[in-house]
Each structure stands twice: as C-alpha cells, then as structure tokens.
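Visitor: Sequence:
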Amino acid sequence: MSSRKPKRNVKLSGIELKAIISSMDKNELVEINKLVISRLITLEQLRSQQVMSYFKPGDIVKFIAKNDVEITGVIIRLNQKSVTVHSTNDQRWNVSPQLLTLLKRQVSDDNDVLRKDTQNINGYLDKPMTKQEQSALKMAGFIKSQTLVLLDKLDQLELDSCADECEELHELAEELYLHLSKELAK
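Using the numbering used here, read the sequence shown as starting at 1 and increasing by one per residue.
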C-alpha cells in the first residue's frame, strides 16, 4: 500500500474539475489544452517582463553559463526576451533575465559616475590629472553613458538595426574611455 496522499481534486465553483474534464470529448480537451498553454505562456512572459524591468543597461551582473562557468559582465541591452551582457572576457551573451544576479546597480547620476571615474579609474590612475585631462575623460565618460541611454530609447522604439549600431558605438565609446584612462595614467 502506498503512503502517498491522494491528489486533491481541484474544484471550480463547487464542481470538481476532474469530473468536468472526464466528461469532455477529444476536441474539447484539445481546446482546453490550447487555453491552458496560452495562459502558461502569458504568465511566463509577464514574469520575464517583471524580472527584466529590474535590470538596466550599465548594471553589473553575473550568471552561470552552460559549462558551469560563472560569467560576470555589464548589461548593454535589454531585448524583448533576453538581456545582452558584455562579459569581462570580451564576449557578448544573450541571457534570460531569470538567470542573472545583480552585482552592482548602475549609478543613475552620470556626474557622480564621472567624478568617481576621474578620481580613480579602475586603479589605473597614479598621478593627478590636469583640468584639460579631467575634461577629456569626463567627455569620454559622458559619451559612453549617453550611448547606453540612446540604446535604451532605440530598444523601446523597437528599432533593432539602429540598436545594433548603437551597441557597437557603445563598445567603441567604452574602448575609447578605457584607452584614454590608461593614456592619462602614464
């Protein structure tokens, strides 16, 4: 004799759902199946959108890749169903938002970000900068941050080809910013 409890019958307005399903023919069951699957898809899309709304371009996240390797990177784009992450090893990943863990939130005040960056750029800076050097670095940081803002707007407008170009522009702006940071640190 099994020690499992019998399954509880789901009731719909006092009527057992099991009895209703038992009385249906094949065509009715197929229609019910379509409705159930459609509802499950809708619920999953809502859940994905809810999780997606938690993230913003510029956020630093991590996730576990298929080969059980932990990947860390920066969100560069929110797609309809996935998030594009630029990893620290210079790869681009499209990841389900449910698989991401937020490590660091993007700072919303661009001026604060730039101020912190000019004080110490990832440990590259050992000497004080002149006002012209600070200004150049701030401009490069501003361009980098604005490409993310533009990318977000293009995604909202669903202009995918323009968003792809903007993504490339953002990567170039990041490279310029890092290169300028290193050059100024010499």
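Hints were generated in silico from the structure; no laboratory data involved. Treat the hints loosely; a few may be bogus.
Here are the in silico distance ranges between beta carbons for each label pair [what the hints assert, rightly or not]:
{"id": "1", "residue 1": "SER87", "residue 2": "LEU17", "range": "46 to 56 angstroms"}
{"id": "2", "residue 1": "VAL149", "residue 2": "SER38", "range": "30 to 40 angstroms"}
{"id": "3", "residue 1": "GLN80", "residue 2": "VAL36", "range": "19 to 29 angstroms"}
{"id": "4", "residue 1": "LEU172", "residue 2": "LEU17", "range": "49 to 59 angstroms"}
{"id": "5", "residue 1": "ASN89", "residue 2": "SER22", "range": "54 to 64 angstroms"}
Here are the simulated lysine-lysine pairs, BS3-like style, with alpha carbons at most 27 angstroms apart [unchecked claim]:
{"id": "6", "residue 1": "LYS56", "residue 2": "LYS34"}
{"id": "7", "residue 1": "LYS131", "residue 2": "LYS81"}
{"id": "8", "residue 1": "LYS104", "residue 2": "LYS138"}
{"id": "9", "residue 1": "LYS131", "residue 2": "LYS56"}
{"id": "10", "residue 1": "LYS34", "residue 2": "LYS62"}
{"id": "11", "residue 1": "LYS34", "residue 2": "LYS81"}
{"id": "12", "residue 1": "LYS131", "residue 2": "LYS153"}
{"id": "13", "residue 1": "LYS62", "residue 2": "LYS182"}
{"id": "14", "residue 1": "LYS104", "residue 2": "LYS56"}
{"id": "15", "residue 1": "LYS81", "residue 2": "LYS66"}
{"id": "16", "residue 1": "LYS153", "residue 2": "LYS62"}
{"id": "17", "residue 1": "LYS81", "residue 2": "LYS62"}
Every residue, glycine too, gets a C-beta built ideally from N, C-alpha and C.
Visitor: Please name the hints from earlier in the document that this structure breaks, with their numbers sorted from lowest to highest.
Guide: Violated: hints 6, 7, 9, 10, 12.
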